[in-house]
Every structure is written in C-alpha cells, then in structure tokens.
Amino acid sequence: MQRIGVFVCWCGTNIAATVDIDTVVEAMKYEPGVVHASDYQYMCSEAGQSKIKQAIKEHNLTGIVVCACSPRMHETTFRKAAKAAGLNQYMVEIANIREHCAWIHKDRKEATEKAVVLARTAVAKLNLNTPLTPGESSVVKRALVIGGGIAGIQSALDIAEAGYEVDIVEKQPTIGGKMAQLDKTFPTLDCAACILTPKMVDAASHENINLYTYSEVDSVGGFVGNFNVKIRKKARSVKADICSGCGICTEKCPSRKAENEFNLGLNKRGAIYIPFAQAIPNVPVIDRDQCIKFKTGKCGLCAKVCPADAIDFSQQDEIVEKQYGAVVLATGFNPIKLDNFDEFGYSQSKDVITSLELERIMNAAGPTGGKLLRPSDNGHPHTMVFVQCVGSRDTTGCGKTYCSKICCMYTAKHAMLIREKYPDVDVHVFYIDVRTPGKNFDEFYRRAAEDYGVNYIKGMVGKVAPTNGKLLVQGSDLIADRQLVIEADMVVLATAIEPDQTAKSLATMLTASIDTNNFFTEAHPKLRPVESPTAGVFLSGVCQGPKDIPETVAQASAAAVKVIGLLSKDKLMCNPCVANSNELLCNGCSNCQHVCPYGAIDYVEKEFRAGGKTSLRRVAQVNEAICQGCGACTVVCPSGAMDLKGFTNQQIMAEVDAICR
Amino acid sequence: MHQKTQLQAETIRLISGTNTRKCMKCGKCTASCPAFAEMDISPHKFVSMVEHGEIDKLMASKSIWKCMSCFACVERCPRGVEPASIIEAVRQTVIRKQNNNYLRPENIPELLDPKIPQQALVSAFRKYSK
Amino acid sequence: MTFDYYPGCTLKTKAKDLDIHARNAALALGIELEELPEWQCCGAVYPIARDEIATRLTSVRALASARDRGRELLTLCSACHHVIKRVNNDIQTDDEIRNKVNNYLAPDIEYNGETKVVHYLEMLRDTVGFDTIREKAVKPMTGKRIGAYYGCLLLRPNNVMAFDNPENPTIMEDFIRALGAEPVLYPYRNECCGGYVAMDDKNLAAQKCKNITSSALERDVDMLITACPLCMYNLDINTNTAEETKLPIYYFTELLAQVLDI
Amino acid sequence: MQNADREINKEKISVAEMAKQILEQGRADRLMGWKRGEFFYDNSPAVFENLSELDDFVYDLFCGSNLSKFLVKESRKDGKIAVLLKPCDRYSFNQLVKEHRIIKDNVLPVEIDCDGMLDIDKIRALGIKGIKKITVDGDQLQIDTVYGPKTCAREDVLLMKCLTCKDRVGGDRFELVKEIEAMSSVERYEFWRSELSKCIRCNACRNVCPACTCEKCVFDNDKSGIANKANTDSFEESLYHMIRAFHVAGRCTDCGECTRVCPQNIPLHLINRKIIKDLNEFYGEYQAGEDDFSKGPLTRFDLDDVEPDIVMERGGNK
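Chains as they are written, first to last, in the numbering used here: chain A, 17 to 677; chain B, 2 to 131; chain C, 64 to 325; chain D, 251 to 568.
This is chain A alone, in the form it adopts within the complex:
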C-alpha cells in the first residue's frame, strides 16, 4: 500500500480565487492511500518545496501528488524536491488545477468540485505507480544545421567555436540565403553583403564546419543524440575539388535564357553559373534543364574552355550518410506568390515589383548596377508608391493571417534610401499600421517621415491600373476620409513572407511539428522558444516565425547554446516512460512492430515453460533507448500485452474510474 501525501497550491490567487483550497485538502484526506494532505500559498517556492520534503520524511511518504499548475511548468521542480527527499522522482504526480480548472472556470463551486476530481484522479494513478529508472544513451558529438542563410551560418559558427563539428546542408549552390540578396540593413543601413560575407567566409574556413551546398536532406532516422541522416549531394556537374572558380565557363556559356533567381528573374544568367560574386563555395553549377549539352547532347563549350578540366557532365547525385547528436532547422522563408493579389497589377506591369526585387534593383551588384530604374523602360522614376501588408494579415484565405513583421521597417528603409539618393522622387507609403518595436526602430521610421519627407498615408490601395505608361494607384486616405489616385512610375509591394516549402517535408522526417502556416512550432512559446517539441531538434530564424536579422541572429545563437549544452553531455538520460511487453500475454502478431514510428520493437523466439511443458514462442521486445513512449503499440496490441511504463492501462483505467466515481 502506498503512503501518499497531497499538496495543494494556491498559486497566490490564481487558484485560490476560484477553487476552495480547504475543501480540496479535506476531500483528499479520505482518499485511499493518502496519509497526509496540506496546502501552501506558493508550493513552487523554496518554502513550499521544503514543506514537501519535510512531509515526505515525517510521514514516510512513498509518493506525492501536487495539485498546482500545468506539469509543463513545475513538474521538474517537484520531482527534484521529491528526489532530494529520497523518493523516486517518478512517484510524483501533478494534478493541474490551474490551467485545467481555476483559469477556465468562473463558478467557484464547479471549479472546486473539478479540482477534487482532478486531485483524486492523480491519487488513483499514483496508487499504481512504481519507481522507474531512466536508461542512458550516448551522444554523437556532431550537429547538423539545415539551411545556410544567416540563421544557419550563425548557429553553425557558434557551435563550431565551442569545439564541435557542424555540417551545414544548403539546397542552393551557395550559402548566404536571403540576406545575401539584400542591399542595406535597418536600422543602421550597413551594407548587407559587407556584414554577411565575412561570416560566410568564417563558416567556410572554420575547421569544424563542413558545408554541403546544393544538397538536401533525404531522410532522418534515430533520435536525440543519435540522428541518422542521409544527405543528397545533387550533381553540380562541376568537380568542386578541381575547379579554381575562375568563371570563364560562366562567361562563355551560350545559353542565356534562364531567369537569374538570385536577381528574382530581373535578368538572365547562363546555364552554368555562380549565383553571385561572393558565393561560397565559388564553384559554378550547371542548371541541367537549361544546358544545351544536357538537352541536345551538343555544345559542351564550358568543358572546352575550363582550364582545370573540372566540368563533369556525368556526375551523379551522391548520398552521404552521417550521424548527428543534434539538428538545427534554419530553413528560412520566401515571399508569397502574388497570384491572389492581382488588384495590385503585379502580373500586369513590370513596374509593379516586390520589395525583395527592389533590394536587387538598389544593389550595386544587381541587374541595374544599383541604379533605381523602372524595369519597363529603364527610365528614372519620379513617383513611387509603397503598399504595406500585401498578403499579410489576410483572413480570407488569399494571403497569410499573420503580420510578416519585417515589412514596416524595410519599407521605411527603402523610402529613406530613395529619398536620400534621389531627392526628386516622391515617395508615398500606404500603411494600415506602422509597427516598429525594436531598438532604434521607431526613431528610424520617424526619420523617414520627418527628415526625408516620405509621405505616409494611412490607408490601403484598392487598385493599380497601368495606364499611359504610368501606374494609376487608387487608394484611400483614411485620415482625410478621401479616395485618391496617385500617378506613379513604380509600385513596390511589401509582400508577405512564408516558410520555405522544405519545412513541411522536414517536419515529417524529424517528427518536428509545424503550425497551420507551416512555421515550426517551438516547445514553449515563451520559455522554450528555440527548441522544437522533438528532443534534439532546435529552431533558428524565420522557419520558426517572421523575424528580422538581429532577432534571427539572436535566436541562432540561442539555438547553438542549446545544441552545445546537449553535445557537451556524454550520456543522455532516456525517458523511462517507455513501452514494455508482457511476454506471457504477447501473441507475436507483429502489429506493434508495424505501427512503431521509431523502429523500437523487435521480435525474438523465446522458450516458455508452462504446466511442465516447454514451448517456443515469438514475442515482442522493446529497445528502450529508441522508444519515445508514444504509446501507439499499446493501442494496436490485440492481446493487451504491450503497456507503457508510467502510463499503464491499469493506471489509466484507475484514473477513468476515479473521474467517473
């Protein structure tokens, strides 16, 4: 028989205002197995924990129930306290009477009744608890970073600096990501390349960092500390180890039809190309869909001109299989497609562009050499209109429901830079709200309006009509309560951003969860913002939610710290709540093996003696280091042989019984 102690927390007024604590304590005294029940204002405080420890010793308790907040908050706290008092830490149960009860009920009587039910449910379960001992597993001292933008680079650099090996997998031919495409960065207006390329070089030259560019993750197996990853190195058709990066091939390539994706299709590139001047590695890649050699078998000019003989048309994709202790997701974002927003005329006029396209136009290495030119006729624009929130904050299903967060600031940057460089250009910004939280952000925006004379109009654009070589922008000015038409030369759309589409397949491979917008979900929105709910998988940058460069870098370093913390351990404590097969009941049907998402179940032939006879039977065995305790096997087992330690069928039935009593 257990000797159970129940501890009811007030949580100040959080619980006590809605739940009658005395009633709960009193009710618990008569529950089977309970020998002690008491309450305290803040059970999680030092004093509260001491009360628990004291009671464990005084009453010789074998287990405790704490009626308090969600176990996500303080389960660990109370387990540690119990452990310090000599109890097995799995002899602790939490009854969540705050989130599940006090916070969602208004009626005191109703809430109190429910709190009693929750408490006695925990007691009923605890009566069947047994001490559990977690197993151990090893840690591979290497991390994988998926995505080679600023987020991935920063995470990799920090991990590498701590002395651990890191591999970066980047699907593009070069690292650098979106930041490499930007012109200047807010709020200080440094040149993006000037601050990014040193980091790219650092990453490439770091002895602990290994780059897999033009590569993708094919599959992921294993678990925290022991991920097994297959990386597909796509065929570049250029031998990277021989190529000197001279670039002759890219100059001589006769195919010039491919849209230059680095410049967002604003100009063309060859079939063999290096995305941009500072690309790392500085090795070209052949776009096989565009290459004349691959399409017709003729040409091969690049191979002829290559002084190093590095062109290899026969190169195949290569699969590399490696082990990692931790994975950092840094898959980044893309602007959304604008098909659903043709009222802005994006598909009807070349002079309607996205903000990222404007970055390329403003960039000295861009298609116009940094000169602000209208794409339609390379003329100088006199009036420019910026439209904010294009596809953001849209609940109709055409766009994204969330705020893309970076647009207010980069639009202020664009407006300011244009007014600075070309004072003759009138700049109008249509905004719904200007959102500038961040150090020196609002000052930056106000500078655009006050010092640079950018015309901010509270309102939205309803239609952009290309007419007579101009763009008639029909919008509203809500402060003046009027409709206005601006004759513009260029319209720039602050297009919503969305997670890169690789996020979805990676989420499946890693069993990391994504939200309805395909952003990776963090383990806790406030307290564990850089961890995914899957152990050993960490989040860095916009793949977790919209954020600007400073935030991205901060999160990247935070993720790196988490990885370093993990890799610095020699052994990992496994979750002891794993599946366990009762071999006497097991039929050997293999159903559990079929459903196990982790491949944690094997079958063995075993001898059993019963009634003086020996028989050979096929039974399931669980590899406790691999089992994640999901419980799928327990549900599918037809004979009830499979059970989950800490959550046995018996315990769950006891909980149900306690609720129904």
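Think of the hints as simulated: they come from the structure by calculation, not from any bench. There could be a bad hint or two in this list.
Here are a few chain C residues that sit away from chain B, every Cβ distance over 10 Å (derived from the structure) [stated by the list, open to error]:
hint	residue
1	A107
2	R188
3	D263
4	E281
The calculated SDA-like cross-link candidates involving lysine to any residue, where the alpha carbons are at most 20 Å apart (straight line), are [stated by the list, open to error]:
hint	chain 1	residue 1	chain 2	residue 2
5	A	K486	C	A117
6	A	K622	D	D328
7	A	K416	A	L372
8	C	K79	B	R80
9	B	K26	A	G454
10	A	K486	C	W102
11	A	K622	D	I353
12	C	K265	B	L112
13	D	K428	D	Y439
14	D	K323	A	L632
15	A	K353	B	R80
16	C	K265	B	L15
17	C	K273	A	K249
18	B	K98	C	T118
19	C	K265	B	K98
20	C	K75	C	E101
21	D	K466	A	G628
22	D	K323	A	T630
23	A	K200	A	K338
24	D	K428	D	N453
25	A	K661	A	C646
26	D	K323	A	E621
27	C	K75	B	L113
28	B	K26	A	Q490
29	C	K75	C	W102
30	A	K629	D	D328
31	B	K26	A	C646
32	B	K98	C	N274
33	A	K486	C	N274
The beta carbon of each residue, even a glycine, is placed where N, CA and C say it ideally should be.
Fit chains B, C and D to the known structure of chain A by using the hints.
This is chains B, C and D only, laid out in the frame that chain A set:
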C-alpha cells in the same frame, strides 16, 4: 451604447451576415469603391459606424443609393468584412419601412428611355423599393 | 450534350442578340440548349440580405427544376448567372436559408443545391473547348483587337463565383483568341459599369463607363465584348453618345456566331 | 490467393481420397479435417494421425466449421500437419500466418472445393422434422424424413456465411448493416439491446473466432469483474460484444463463425461487418486474410489517413 442603437446595430449585423469587429481599419474598401465620389459616407465608415451604433446617420446617408453592389470591396477586403453587405442591410432597413421606397412606380415614366433593358428596371426596384 | 438553358428576362426583349446568337452558335457546336420550361425572372440582382427568402425563390425554382430534369443549368446573362449561382451557394452552405426556402416552396423533393450552374463561356471552354471553336471558325476575326469587358457579376465574389481569377481573368481573352482575334488587356475590364445605378443616376454610370472605355481605347482596341445586357446599355447607349469616343460594343455571342458564319 | 506452396486438387478426386493419399504418401504426419458427429449434421473438426482413424473422416454439406484456428496449437506440435481449407477458411488461415500465430513451415495447406454448407436450423425452421438423410439435386435438396420425402431450395437453407461467400458472386454483404445505419439512434439502440440481451455469455463466439487467439483473453481475467455473466447486469448488452469487435477490428476476415455457433442466434457478424464497412470507407477496400503479408489499415499510418473527427460524421442516422 443606448439599448435602441444596440438593437439597430445588431439588426444590421444579422441582415448583412457579417462581423464588423473583424475590420482592421485598413480602408481597402474605400480604396476600391467606384462610387466613392458620389458618397457622403465612405464604405469603411459604414463598418465603424455600425460598430458605434450610428445607424440613423447611415440610414439618412446618400451612399446607400450610390453603392452599385459591384462587390469590389467584398472581394478585396483582407478580413472578409463585406462592406457591401452592410450597405445593403442599411438600405433594406430603410426601404422596409412603410412609404419609404426610394424608387416609386410613378417615377418610372420620366426615368424611362426606350433602350433601357428591363433588367435595369427589375434591379432598381429590387434595390430601391420594397 | 444537352443543357437546361435559362435565358432570363432581358434576353427575350432588349438583348435578343445575346440570346439568338448563343442558341445558334451552340447548335453549330453540337450543344443542345433546351429552354427551361416555365422559368421566371431571377430578380436581376442577388438579394444580399441574409433574411430575404422570397427574392431567392425564383432562382431555386429554376435550380430545382433542372435538378428534377437531371441537367446542368446553363446561364448566359451575367446578372442571371450571378444571382442563380449565389442563391445555389446559399442553399448549399446556409442551413437556415435552405430550410426556409424548402418550407416555402415545399417541392416534392427538397432542393439541397444539387444543380450545377454553368455559364455559357464556361460551357464553351470546358464542354466544347476553345480549340474546337478555332477549328470551326469560318470567318476568323484575324487582326482585330478586342477588349474583354467582364464587369463585376461574373467574377465577384470569387469564393462563390469561382469563375476566373477575379483581378486578372483570362477566359474571355482565351475566347477572343479562339475567334482568331487579338485580346487586349486593359486595367478596367473588371471595374463596374454602374449597373442599376443607371436608373437613378445616369451620370454616375456614364462616368464609370467612360473610365472603362477610355482605358480600353488607350490600349487601342477595335471593340469591346460583354456578356451582360445592363453593361451593354451602360457602355453603349448611356455613354457612347459622343462620336469621337464611339467604341463598338458587342455581345460575345454575336461575334461567335459571326465567326462560325451562322 | 497469393501463395504457391499449397496443395491443389488437380485431379478432382474426392476430398476423402485426397486426405487418404496425403497420409499414405507421408506428405504430412497428421491431417486436420472433419469427423462424423453423433448426428449427420454435427460434423466436427478432428485431427487424423493414421489411415485407420480416417474411417470417421467426412466432408459433406455440414462441414461449415473453420479449421484454421486449431492450427495455432497444432502447428506448434512436432511434425507436419495437413489442413483442409475451404475457400472461406483460407482467409483466416492467411491472417493467422501473417500474425505469426500459425507456424507456416509446419503446415501443409490443402485447398478444397465447397458449394456452400447447410444450416440445420434453417431446415428445421421450414417445418421439416425427423430428418434422416439429405441429398443434393441441383438447386433443390431431397430430404428423407421419418414423415416421408420433402424438398426445399438449397439457397434457402445455406449458412449465413455462405450467402455472401467471398469466392462467389453474391449479394451485398453490407445490406443489413446499411439498414441498421439507417435507423435512428433510438431504434438502433433498441435493436441491439434486444439482440444482445439474448446473450448467455457462453463464450462460444470467442472460442470459435479465428481472430481470438490471445495467449490470455481479457475476458478470462477474473480481476476484471467481467469474467462471467453472473457478476454483471447489462454488460453483455452493451459492452462484451463491442469489446470483442474492437479487438478483432481490422483482423476479422468476416468468416461468420461467430454467428454460426451462437446458440441464441444473435447476428454477431453484423457488428464486425459494420467495422469492416467503416474501414473500407475510411481507408479504402481491404480484405483481411486476402494474403499473408500485407499490413492492415489499422496497423499502418499514412499522412492522408482520415482525421479522428470523421467519427462525428459517421454512424448513420443521428
């Protein structure tokens, strides 16, 4: 808010079937409206005035007779608020009162030109009369 | 293939051209249009107010009748298409409207939105195929620059009408190509002509139409096509009085019949 | 059938002759078939170890019972056992092989023909008493009784499971399920209550069910409080058969044994068929026991599997 105006606003919400609270005050409706020049109350204000219970002012507005039900505001609203449905609801509230028709049969002869399609007549009666 | 055909009020009188050429062209393209017996006027404007039941009933009668005959319901006039398609959507998605409508009409078999509503242009695209028109064109309009005028009712609201991209539609342009002519894009092709406001405020409608025609003329069009008698009235008769802006407006079916040489 | 390593009666000799040859030629050490019971209509499963035992062997119109389940034990004994499998029995056999319950290497499956087995209760229900002998005459049965010769249509007295035989083009096996789905929830509850309240908890359905082969059955747990009828009130009516149906869900081959053996004539197979019908609708057509290797719908996870909220939409008339 006064009980009567509250009830009026609720009626408008019911008839229009739209939730004015979803409006984030971006003004894309007013930016899109082709009849704006003729309106005394702009489409975005219809939404906020229903929120504030100013239904009497809306009912006296000239805008309700100028809206062409072209659904540009409905199509372009990023929050699914449907200003055109609100304008329709106000218009209905007006003409459903006895003797409150905006267009009367006796006005027709002077408005008629020989080429006008009866589609226009039927539409106008549906929109302006009960 | 045979469709139940819903002509609507104006097609029997002022817009006979829209109707007669549509019937002839369909016949030539192997499509049978059987006029829905005892159809009634759709009401010309969609009753936006959710509590309006009576004004939805005529559409439901047409829809239920087509359902009983096991046919798809084909419309031609933009207004009829808009009204009938949206009422059908109400029946499909709004329990209250569906229940009330069925209570009022008490049909033998409850109408639950089973009928598919097809616009003549959708029929040309999906059933006949624009390629077939191109093949059967006897007098293609080679060299003609034609602007499509969509108006509002075919396109909006897109979540119900699902006709085409509401801000950048292509179906009429594809149709114009099938006629052998060159489609001309102009930004105001989906802006309102003024619609029924023409009854109350002719100037407002005229102003709206002027925006449309001048936008089209700026792109150097030879003519505009439309699918709506009210758009035709506003664009052609109400606006196009001054000789210098005289821009020919045709029903799209007129040109179709002409190209097929009927 | 997917498996090649099977005996097939190519020469069309009688089943009894086949059985004899198998033992004579030593192709198996034992043979599982049917032996004559006390009455001509109660043939029962039996293992024959030598030729002399085969004198009691029978294969006629009353060999409805499914032999597959016995192999769970028999295949674990020394030596090889031959088993006679009617077309319908093969599904259970495959399913048990798939679940590693039958040790395949120790069994020689022998496929035999079947034209449908008879239900003695149905014959009696027609008012035919004192039956001495039954012979088949095309679609008709000639029945020799103590009251003189009688006839009846063969189709009218077939076992329930033979009416929708998987190997013949038959009627829609979900016809009755659909009727029950169409009932209101009150009617449906009443229907099942009246049927299931007849249960005397003899456990025959469980004992005969080829999907019920657990090492230890949950209903044999006397700590559960549900081990026998005396302890419970409405348990049989509401839960016993449901729990059993859930236990065999996705593995039930619809062999119909449960209904055949039920002494109270409860149409138990309908519960299983409802589950089979749902599984087919949610996960695509699947026949348990069609082969001995494929993963069933409930032991497989696909990203496009139905969401749990589908439960709200099914279940027929609310």
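Status of the hints after comparison with the structure:
1. A107: With a cut-off of 10 Å, A107(C) comes too close to chain B, as the shortest Cβ separation is near 4 Å.
2. R188: The assertion about R188(C) holds, with a minimum of 22 Å to chain B.
3. D263: Given a closest Cβ separation of 6 Å, the condition is violated.
4. E281: holds, 18 Å
5. K486(A) with A117(C): violated, 48 Å
6. K622(A) with D328(D): holds, 17 Å
7. K416(A) with L372(A): holds, 18 Å
8. K79(C) with R80(B): Status violated; Cα separation ~41 Å.
9. K26(B) with G454(A): violated, 24 Å
10. K486(A) with W102(C): Outside the cut-off at roughly 48 Å; violated.
11. K622(A) with I353(D): The given pair, whose Cα atoms are some 14 Å apart, holds under the 20 Å limit.
12. K265(C) with L112(B): Cα-Cα ~10 Å, so holds.
13. K428(D) with Y439(D): Holds, because 15 Å separates the two Cα atoms, which is no more than 20 Å.
14. K323(D) with L632(A): At roughly 12 Å apart (the allowed maximum being 20 Å), L632(A) and K323(D) satisfy the hint.
15. K353(A) with R80(B): Between K353(A) and R80(B) the Cα gap is close to 19 Å, so the pair holds against 20 Å.
16. K265(C) with L15(B): violated, 32 Å
17. K273(C) with K249(A): With a Cα-Cα distance of about 60 Å, the restraint between K273(C) and K249(A) is violated, given a limit of 20 Å.
18. K98(B) with T118(C): holds, 17 Å
19. K265(C) with K98(B): violated, 26 Å
20. K75(C) with E101(C): It holds: about 14 Å lies between the C-alpha atoms, which stays within 20 Å.
21. K466(D) with G628(A): holds, 18 Å
22. K323(D) with T630(A): holds, 13 Å
23. K200(A) with K338(A): Roughly 38 Å between the alpha carbons, so the hint for K200(A) and K338(A) is violated.
24. K428(D) with N453(D): violated, 27 Å
25. K661(A) with C646(A): Roughly 11 Å between the alpha carbons, so the hint for K661(A) and C646(A) holds.
26. K323(D) with E621(A): holds, 16 Å
27. K75(C) with L113(B): holds, 19 Å
28. K26(B) with Q490(A): holds, 17 Å
29. K75(C) with W102(C): holds, 12 Å
30. K629(A) with D328(D): holds, 13 Å
31. K26(B) with C646(A): violated, 46 Å
32. K98(B) with N274(C): violated, 36 Å
33. K486(A) with N274(C): Status holds; Cα separation ~15 Å.
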